[in-house]
Amino acid sequence: MRAMNTVKAGCDDPKDVYSAACPCRNMLDLLANKWSALALGALDDGPQRFGALRARLQGVSPKVLTQTLRRLEDHGLIHRDVYPEVPLRVEYSLTPLGRDANVPLAHLRTWVERNIDRFPGQD
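Okay, so the sequence shown: first residue is 1 according to the UniProt record's numbering, each after it adds one.
Keep in mind the hints are simulated off the structure, nothing from the lab.
Some clues are possibly wrong.
Cβ pair distances, simulated, as ranges [said to hold, decoys possible]:
#, residue 1, residue 2, range
1, I116, V17, 25 to 31 Å
2, R118, R80, 36 to 42 Å
3, Q58, A106, 14 to 20 Å
4, N33, D81, 20 to 26 Å
5, D16, Q122, 31 to 37 Å
Since the structure is predicted, the reported quantities are computational estimates derived from the model, not experimental observations.
Backbone N, C-alpha and C fix where the C-beta goes; we use that ideal spot for every residue, glycine too.
Work out the full structure: start from the sequences and follow the hints.
Structure, rendered in structure tokens:
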């Protein structure tokens with residue numbers, strides 16, 4: 001995992017999501033992304049390989065899934081395990097931080113599923 005700079009110039013409170021210059025805005029952007037939220041939810045069932053994640057997240061392209069998984073790994077939400085086998089085997093799993101983030105995201109996913117009929121144009 002790459003080290004990230006968590007302090008930005010012009011940010012008085014690094015925990016103020018409403019301040020454009022604060023680092024928590026980047027994390028909110030990552031977690032609010034539909035593919036991030038869905039990938040974290042899929043990994044809640046346990047470690048999975050890329051192909052299994054792609055099959056579960058219907059409609060995601062390999063490029064977007066790769067980018068999403070890299071961002072989640074860079075932010076410490078998932079772990080990528082590479083097994084030296086032939087062919088190479090790679091599995092993704094949630095980190096403790098990812099499991100924590102998944103709690104409110106699971107509530108959001110459930111809320112959307114339960115209330116989809118209430119949104120205009122969802123007939």
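So which of those numbered hints doesn't the model satisfy?
none
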